[in-house]
Amino acid sequence: MNKLTLGRFTTWLFPAAVLAAAVLRVEGVPAQIPEGSGNPASHARIVNEVLTAEPGFRREALTTFPGDLWSQSDHFAARESLLVERLAKEEKMRIGAVLDVIDRDVKAGGDSARGRVAPCMPRPFYE
Amino acid sequence: MSQRRPLYARAYSFSNSLPVRLGFFLLAALLANGAILLQAGGMNTFHDAQFLSAYERHAVLTVTQYGQLPLWDPFNCGGLYGLAAPQTRYASPFFLLSLLFGVDRGSALLAVVMPALGMEGMYRYARSWGALSLPAFLFAPLMPLSGFFAFAWHYGWIQFFSFCLVPWILFGLRRALRGDTKGALTCALSVAITVGFGGTYTLPMAAILVLAELLDALAPRLLQLRGGLRSYGERLARRARTTTLGLAVATPLVLGIGAYRLWPMLESVSATLRVMGGEPRLPFEALSDLLTVLATKSAGTTGHFYLAPVALLALLALPWRTSAALWLGAGLSFALAYGHASPHAPFTLLRKLPIYDTLRYPERYLLLFAIPAAILATKGATTLLGAARRFLGRRGQLAMAGLLTAAAVAGIMLESKNTRALVANVELMPTPVAHPAPFRQSRGNRWLMSHFAAEGMGSLGCGEAYPLPMSTRLRGDLQSEEYLTALDDGRSPIAGTAKRLSWSPNRVVVAVDSPTPVRLAINQNYHPGWHSSVGQVESWDGLLSVRLPAGRQRVEVSFLPRSALGGLLASLVALVAGGVFVLRAPRSLAARAGLLLAGPLAVLLLRLAWPEPPWRSLEPLTESGEPVILDEVPAHATPLKTSFFIPLTLEAALVPQAPLPLGATELPLELFFRRTGPLSSSLGFFLHLRGPNGELKSADHPELSGRVYIARMPEGKVVRDALRVALPENARGEWEVRVGLWMAYGDGQRAFVRDKGLAAVENNEVTVGRFRFASP
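If you read the protein sequences in the order shown, they are chains A and B. Reminder that position 42 of the first sequence reads as 42 in this note's numbering, one-by-one numbering, no gaps. Positions in the second sequence are counted from 1; adding 1000 to them yields this note's numbering.
Keep in mind that the hints were calculated from the coordinates and are not lab data. Careful, some of the hints might be misleading.
[Unchecked claim] If you only want the chain B side, here are some residues facing chain A, beta carbon under 8 Å, derived:
{"#": "1", "residue": "1041"}
{"#": "2", "residue": "1276"}
{"#": "3", "residue": "1475"}
Please read all numbers here as calculations on a predicted model, not as lab measurements. Heads up, the beta-carbon is just placed ideally off N, CA and C, and yes, glycines get one too.
Kindly produce the complete structure, drawing on both the sequences and the hints.
Here it is, written out as structure tokens:
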């Protein structure tokens, strides 16, 4: 069995140094700064916009994916995600905070259909 | 006095030293994928990246915030068993990077670590094929730095870095098949880490090259028939014995060490299999472009499988005699990448096998092609160096080595350019930061999946790669995630209370006070791995629930599935036993067999000693809660009895007889089919509504009631296709409903009607009924 000599040990410094450089490079990249949680006025605007947009999203999903319940839910979610991203940008809120506002409204709204989604059923093919 | 070693000898010495090699491989990966590292400060916004990285975020949260192993992921789909989900990657040592540096920075580091590991695997694999160390070293980056990994990074498919472990699997197997037990252990460990890292597509694809390895191990060189057929036969028999013994050692080690992941996954795959339709094919020019054209920022379709053209230098040597299996592996991988080129194309035939029928994207086989191509290039370079030495002397050899080195360095630079272009359009957003809040399910959104858990929410909306059994009772509008309901499905009133005492992903504690026996419902999916300190855990239409006696009690519901603990135990046993087998090499057959079979036997014993109900897919229900699969056609449906040349009969239909109110926006419709034989996964339904003035409204769809794939219809049963069709605005008069089947994901041909039965048929469209709008 090979002995761990000083020379052999120092050769391991080479990969260790490269790895350390990679870690430093990754750690040195500045983090993107998350936005805040918004205020009652922005929350109200979000609720209003989402409530206005949802029926159109559902109708579009039904037309685009007839008979495919999960794809309808997913199409609705795709449209909603664009709206959420726009609202987050406009209200200078983090996306999670916008989703939190929507969730609170769904829970307070009393319309159980808004809180349901179709079980996952991936399509047989994606173009 | 020391003599100065020639440069060429020193280069060989460098490539023979593991630390020096690793250092250069890390450096090559750092140079080539430097652009990826610069994206470590945020989260990829692409929707696949959203849900794929969410698994990892949820696992990190489970460990760091709750101090638990990431077994149950309550944040995704209403809860899923993480080890059974094919795309999770935290069941591998690389999860440490996510824990130490965070998911986004850890993922970026993988772009250096995994290719470097892949290069070392390629080096060893090439050496095992007889290549010299310098060419093996120079050509090792070809596959691990190919454009595919940058392309995968763009979409957030981090688990595809598992392909970097394929050379290790092949290297280990190659040695195992030649009687080296260390090779068997290397192969088993590599397989375990690959599946743990979400390499569920990687392994079945890699099996193609495993076949080539088996062939190489079994067959003596076909061109060496000098000793006659008898001698050849004897050599063949010797090889067959060694190969069989090698497989007998490697197989139980692979199954045993990988048990911690294979066991949960096999349980899930057997319960829920996806259908993948389509007949993709690629022309030669497209394949050639994928391998040889660099990506640009504006053209997103090139560079994906770019292999630096250094390979051409070596392929000039065309080594053949000792490399038949490599050529076979390369040829087969390339042929598979053509896709459905013909009914008998390799890809078409391969997709007839289980598991492979769910794999799409034939071009991904180009990544496999890169492995034997790189080894062939290495062998070619070895031949070139030998020829240079023979015809040009030592200086000529040195010049050739310099030329190859320059080509390898140029290749890395080109890959760096390729990566920069492929990841240039990645959009980043801030990494979600935890804002602790009591956990609750929201309706969620898979396109923004990574944002929910940080806010204390689960996302019911999700997009798994398989039809995960999700309860239709899951709700995103509940005031309380734990609630009581009567044992008669909620028909009786409930007087008791349920109050959450504590919550964590694998454990929920609820204080229940009820004067009567009651059901505690928890707004998450059921899995047989859930256990309760009181009462009996059961599935309530797929929802996690506990049947409780009357009284005041503290109910602790915890998740510990047999396959998680048992699989981990079996893996540890197999690892230790495998280590002893390799290091101590026991002589007695019983001891050898015992050590090798320790892992699989542990699985079998645990299955016997720890009974657990099987995890089943749920009974499919329509949107309104009716069963989709029936024994007979409902009596009130209109019989049609129309059969097709494919083994399917349209038994009956339900079209509204009463006039629809003017302004109605949807038509409810039910069709009843019966399957009598195998059906293509590329089939889809077309449905046409034809209006009185020639209007046409289409409602084509790929599943029955949105719950059952056509190819998975239970044979002999009646399957209901209930759907709502959006009606055109201002529709009037009487409309006709026509239905048929077509190769929606194939050549677009319609299925021919064999017997029209009781229906009218025109152009293979079956008229199933008419509906009308009320008069104004």
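Evaluated hints:
| no. | hint | verdict |
| --- | --- | --- |
| 1 | 1041 | holds (4 Å) |
| 2 | 1276 | holds (6 Å) |
| 3 | 1475 | holds (5 Å) |
This entry satisfies every hint, going by the numbered hints stated previously.
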